[in-house]
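Undergrad: Sequence order for the protein chains is A and B.
Letter by letter, the first sequence follows residues 0 to 528 of numbering that gives the first Met the number 0.
Letter by letter, the second sequence follows residues 0 to 528 of numbering that gives the first Met the number 0.
Hints may be right or wrong, so weigh each one.
[What the hints assert, rightly or not] No farther apart than 30 Å at their CA atoms in a straight line, the calculated lysine-lysine pairs in the DSS-like style are these: (1) K419(B) x K508(B); (2) K254(A) x K302(B); (3) K302(A) x K419(B); (4) K302(A) x K278(A); (5) K254(A) x K180(A); (6) K244(B) x K254(B).
Rather than coming from a laboratory, the hints here were simulated on the basis of the structure.
There are 2 protein chains.
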Amino acid sequence: MLGGMQDFELRVPRIIEHAEREHGQREIVTYWADGTITRTNWAGIARDARKLAQALEKMGVKRGDRIATLGMNHSRHLVAWYGAIGVGGVIHTINPRLFDEQLVYIANHAEDKVLFYDKVFQPIIDRLRPQWTSIDHYVCFDNGEFEQLIAAQDGDYAWAEGSEREPCMLCYTSGTTGNPKGVLYEHRSTVIHAMTEVQPSVFDLSPRAVALPIVPMFHAAAWGLPFAGAMSGTKFVYSAVNDGKVLCRLMNEEKVTHSAGVPTVWLAMFQHMDATGEKPEHLRLVTIGGSAAPRAMVERLMKMGIRVGHAWGMTETSPIGTMGAPPGNWDELSFEEQVDLVCRQGRVPFGVELRVVNDEGAIQPRDGESSGRLQIRGPWVIKRYFQADADAADADGWFDTGDVAVIHPCGTMQITDRSKDVIKSGGEWISSVELENAAVGCPGVAEAAAIGVYHPRWDERPLLLVVRKPGSDVTEGQILDHLKNHVAKWWLPDEILFVDELPHTATGKLLKTALREQYKDHQLATVAA
Amino acid sequence: MLGGMQDFELRVPRIIEHAEREHGQREIVTYWADGTITRTNWAGIARDARKLAQALEKMGVKRGDRIATLGMNHSRHLVAWYGAIGVGGVIHTINPRLFDEQLVYIANHAEDKVLFYDKVFQPIIDRLRPQWTSIDHYVCFDNGEFEQLIAAQDGDYAWAEGSEREPCMLCYTSGTTGNPKGVLYEHRSTVIHAMTEVQPSVFDLSPRAVALPIVPMFHAAAWGLPFAGAMSGTKFVYSAVNDGKVLCRLMNEEKVTHSAGVPTVWLAMFQHMDATGEKPEHLRLVTIGGSAAPRAMVERLMKMGIRVGHAWGMTETSPIGTMGAPPGNWDELSFEEQVDLVCRQGRVPFGVELRVVNDEGAIQPRDGESSGRLQIRGPWVIKRYFQADADAADADGWFDTGDVAVIHPCGTMQITDRSKDVIKSGGEWISSVELENAAVGCPGVAEAAAIGVYHPRWDERPLLLVVRKPGSDVTEGQILDHLKNHVAKWWLPDEILFVDELPHTATGKLLKTALREQYKDHQLATVAA
Numbered sequence: 000m001l002g003g004m005q006d007f008e009l010r011v012p013r014i015i016e017h018a019e020r021e022h023g024q025r026e027i028v029t030y031w032a033d034g035t036i037t038r039t040n041w042a043g044i045a046r047d048a049r050k051l052a053q054a055l056e057k058m059g060v061k062r063g064d065r066i067a068t069l070g071m072n073h074s075r076h077l078v079a080w081y082g083a084i085g086v087g088g089v090i091h092t093i094n095p096r097l098f099d100e101q102l103v104y105i106a107n108h109a110e111d112k113v114l115f116y117d118k119v120f121q122p123i124i125d126r127l128r129p130q131w132t133s134i135d136h137y138v139c140f141d142n143g144e145f146e147q148l149i150a151a152q153d154g155d156y157a158w159a160e161g162s163e164r165e166p167c168m169l170c171y172t173s174g175t176t177g178n179p180k181g182v183l184y185e186h187r188s189t190v191i192h193a194m195t196e197v198q199p200s201v202f203d204l205s206p207r208a209v210a211l212p213i214v215p216m217f218h219a220a221a222w223g224l225p226f227a228g229a230m231s232g233t234k235f236v237y238s239a240v241n242d243g244k245v246l247c248r249l250m251n252e253e254k255v256t257h258s259a260g261v262p263t264v265w266l267a268m269f270q271h272m273d274a275t276g277e278k279p280e281h282l283r284l285v286t287i288g289g290s291a292a293p294r295a296m297v298e299r300l301m302k303m304g305i306r307v308g309h310a311w312g313m314t315e316t317s318p319i320g321t322m323g324a325p326p327g328n329w330d331e332l333s334f335e336e337q338v339d340l341v342c343r344q345g346r347v348p349f350g351v352e353l354r355v356v357n358d359e360g361a362i363q364p365r366d367g368e369s370s371g372r373l374q375i376r377g378p379w380v381i382k383r384y385f386q387a388d389a390d391a392a393d394a395d396g397w398f399d400t401g402d403v404a405v406i407h408p409c410g411t412m413q414i415t416d417r418s419k420d421v422i423k424s425g426g427e428w429i430s431s432v433e434l435e436n437a438a439v440g441c442p443g444v445a446e447a448a449a450i451g452v453y454h455p456r457w458d459e460r461p462l463l464l465v466v467r468k469p470g471s472d473v474t475e476g477q478i479l480d481h482l483k484n485h486v487a488k489w490w491l492p493d494e495i496l497f498v499d500e501l502p503h504t505a506t507g508k509l510l511k512t513a514l515r516e517q518y519k520d521h522q523l524a525t526v527a528a
Numbered sequence: 000m001l002g003g004m005q006d007f008e009l010r011v012p013r014i015i016e017h018a019e020r021e022h023g024q025r026e027i028v029t030y031w032a033d034g035t036i037t038r039t040n041w042a043g044i045a046r047d048a049r050k051l052a053q054a055l056e057k058m059g060v061k062r063g064d065r066i067a068t069l070g071m072n073h074s075r076h077l078v079a080w081y082g083a084i085g086v087g088g089v090i091h092t093i094n095p096r097l098f099d100e101q102l103v104y105i106a107n108h109a110e111d112k113v114l115f116y117d118k119v120f121q122p123i124i125d126r127l128r129p130q131w132t133s134i135d136h137y138v139c140f141d142n143g144e145f146e147q148l149i150a151a152q153d154g155d156y157a158w159a160e161g162s163e164r165e166p167c168m169l170c171y172t173s174g175t176t177g178n179p180k181g182v183l184y185e186h187r188s189t190v191i192h193a194m195t196e197v198q199p200s201v202f203d204l205s206p207r208a209v210a211l212p213i214v215p216m217f218h219a220a221a222w223g224l225p226f227a228g229a230m231s232g233t234k235f236v237y238s239a240v241n242d243g244k245v246l247c248r249l250m251n252e253e254k255v256t257h258s259a260g261v262p263t264v265w266l267a268m269f270q271h272m273d274a275t276g277e278k279p280e281h282l283r284l285v286t287i288g289g290s291a292a293p294r295a296m297v298e299r300l301m302k303m304g305i306r307v308g309h310a311w312g313m314t315e316t317s318p319i320g321t322m323g324a325p326p327g328n329w330d331e332l333s334f335e336e337q338v339d340l341v342c343r344q345g346r347v348p349f350g351v352e353l354r355v356v357n358d359e360g361a362i363q364p365r366d367g368e369s370s371g372r373l374q375i376r377g378p379w380v381i382k383r384y385f386q387a388d389a390d391a392a393d394a395d396g397w398f399d400t401g402d403v404a405v406i407h408p409c410g411t412m413q414i415t416d417r418s419k420d421v422i423k424s425g426g427e428w429i430s431s432v433e434l435e436n437a438a439v440g441c442p443g444v445a446e447a448a449a450i451g452v453y454h455p456r457w458d459e460r461p462l463l464l465v466v467r468k469p470g471s472d473v474t475e476g477q478i479l480d481h482l483k484n485h486v487a488k489w490w491l492p493d494e495i496l497f498v499d500e501l502p503h504t505a506t507g508k509l510l511k512t513a514l515r516e517q518y519k520d521h522q523l524a525t526v527a528a
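Bound conformation, chain A alone (with noise of 0.2 Å):
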């Protein structure tokens, strides 16, 4: 037997049309490269979107088709993502950051149509034009090429229809190892999960929103907040340019009350405002993710009495896994207790589940104490990369983050580690996150990495490396002994190196692979003394 109610597919330009009709007037502002200013909101996002989807197909843009973007955050780039999809296409945002060696491998794999890019990236183009050998289609965001092009249509247009199950957007994971991977996400599995988005527990997004997501257009679907903030009627102020002094003062001028990024960027942003005495007097809710938030990064934020919401997810995940909102008893908290909530990763919202299992695949209670690998399933997780022979996930749906966490009683995860970075000491883990996270705490560092080195004893035990603070001289012993009161002794490195910087991936995360190659061999001072 079958229920009452009517047919809906969940489609993404449902979404587009929504805000055009309900939320027509909110503003997409962009500031870009060249300092420049322009205003449209969701009405032209909505048209010039049409139009694109006319360009695309009379491009010869088919069913399926994926269309390639390297571009930073700005409202073309919003209305490729649904022209892209509207004419019934897949957007690829391509990160542009990446290796050519990855650039041409993906662009490839994905047999990418059409490209579209910011003219900062032409040097990309003339590099590698030669290599990819799917793209027909070149069009330049900001050199006139895109507006020539919508100007061109009459956007009288109707969007491609067909089944929720269709996908709609691929972005690929900038893995250390091997070749990247391409995640599909679908019409479906991109609706619920911006559903999911405008939720007061997750970005708590509705028409009085002003987002200035930081995130940057090609990290996990830009965190899904393309399409939850159309949805809700959020108005979004981008900018093409990360700097503090920029950021800071869209916030002001624009009135921006949520914003989205990884650490570093708020570490920017505190430069300047020690710098300046500047702030943004109007931000609410402050979303990290990407990596483990710094506590005297939430501190300091919730100190401005920013909500600071900690977020957890992957490509693999649409990306959000978990986010941290503020519980029933709150309230009842004191502001230290508040603050160790916060530095967790948060729950998950209703869809997704997770759970921790350990190296002989139990599952391990909630108890904030058993730690494992995570794993997750829900309607917005990967099931299979795309062209993959063989399911990412297991019969059950799980999917195996490569993450270490303890999921506490409460259900807060917290993230204790990736699986290949936690450092194996007699049998036990060292958390090299937690050592990370506890050196950047102390006065003069600025940066720090503790991977696992060989010991001819315990098997591995921990190196930290150490970035200082400019015109900082802390020294190891300083370091050690502001350890001392955050790790258990057993956990303390066996050595402290200080480097000038540290190699990073592409989206800014530590590149522990190469610090492992690079250190792999490494005497520690405990061994050979």
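Following the hints, position chain B against chain A.
TA: Leaving out everything else, chain B in the frame of chain A:
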């Protein structure tokens, strides 16, 4: 081409599973008719629902079977919802305030197999049991039977699985003409509707919310709150008694932040506040629906610092059609402008669409002036009534609501009347609702009803029936003077009659059909004069 994300049926038992796993300790408090208070939590509701599903299976309940309730708001009623749905059945909430003839028709039409009921409704059972032809099992919620049934099960039960398009709930509309009609909600429509309700612009639910729904569980699925609350980790406070003193006490003792109900319940609350000086201290969102909230009620609640969400919907729309929420420019509006906006019925969330058509079927502009029949479509809107032979919606999904409305340029919808209640005077429409709302704003007027009665020249003219407040001697002249400031001169009623009481439907709405019948031969004073 299909996408790469996981299969996931949007089934209601996933909601209670989520509540159990992630918000298990959030309380469900019940104030019973005998004045006692019991406490359970989402884990307890889930545990008991599994046991109830086992019990229902043993009773012979099969997939798709209807399981009825005649009950007020309490935790066992909530268990019955999730238990009946969990076994693969359809929960059918019956409004105990209906007439016997309707109660007989509904249960037989639904072919209910089991009936759970409050002992206060035992007389209904005793009276109608001989006429109910399909009910095999009667279980009283509050005489020990229900608890015994639960206690006899071990709870080792896995929720029935199946398609998300299967039905999960049946609610009959208590129309004022013809036989009641059943609306058969689906798992999918219910889950999508609940995800929508959690959003900030609808019910704004999170683990910090404490909701006391005054709307009964037998009214339009309790406005979906039992599902949205479980999804979001909301604490519920139920009262089987709707008394201003009890409600106010519960709201303060349990720190209730959210409440929802028809306008009359707030009138009762105001009377208690005026008599005692007490007020609900923690309320921050009051949702008013079912019929239009008078301006004075909106103002009073807003002056208490409470957000008033004026909602519109019907059983056929699950029920959320529109909900009022602050727009982007809220802070720039004067208090009067804010009240104006809140007095309208709000905007659609993502998913549903509205339009207004005139008598010729032409779509009217969103100009805030062009009124016509309100139509709606979307994933949680009815396609076909239960066991009907034809669709209730047209080929494009548009369902005619029977309401008359305008849509403002910002998308805000404003109900002006029920289409059958509109007074047609000389080819123009007079809104009976606006006349009534203006009249109750006059000091001394407790309630008012406007109906059209025959007029030889104008076809129809308004007759206003007024119930005076206790002790008031307000006159026809005083009311007319008041009305002159609020409605067009040609809208002024031709006659005002004072009556002791007005007839209401089982859901508390004015029974205009009875009034029209009673006054169909009334000769207006203006005609007689």
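Undergrad: When you check the alpha-carbon spacing of K302(A) and K419(B), does it fall within 30 Å?
TA: violated (57 Å)
Undergrad: With a cut-off of 30 Å on the C-alpha distance, tell me whether K254(A) and K302(B) pass.
TA: holds (26 Å)
Undergrad: Does the alpha-carbon distance linking K244(B) and K254(B) stay inside the 30 Å limit?
TA: holds (15 Å)
Undergrad: Next pair to validate is K302(A) with K278(A); report whether the Cα-Cα distance is within 30 Å.
TA: Given pair K302(A), K278(A) holds - Cα atoms ~12 Å apart, limit 30 Å.
Undergrad: Run the distance test for K254(A) versus K180(A): straight-line Cα separation, threshold 30 Å.
TA: violated (38 Å)
Undergrad: Going straight from one Cα to the other, do K419(B) and K508(B) come out at no more than 30 Å?
TA: holds (14 Å)
Of the hints listed earlier, those the structure fails to meet are numbers 3, 5, in rising order.
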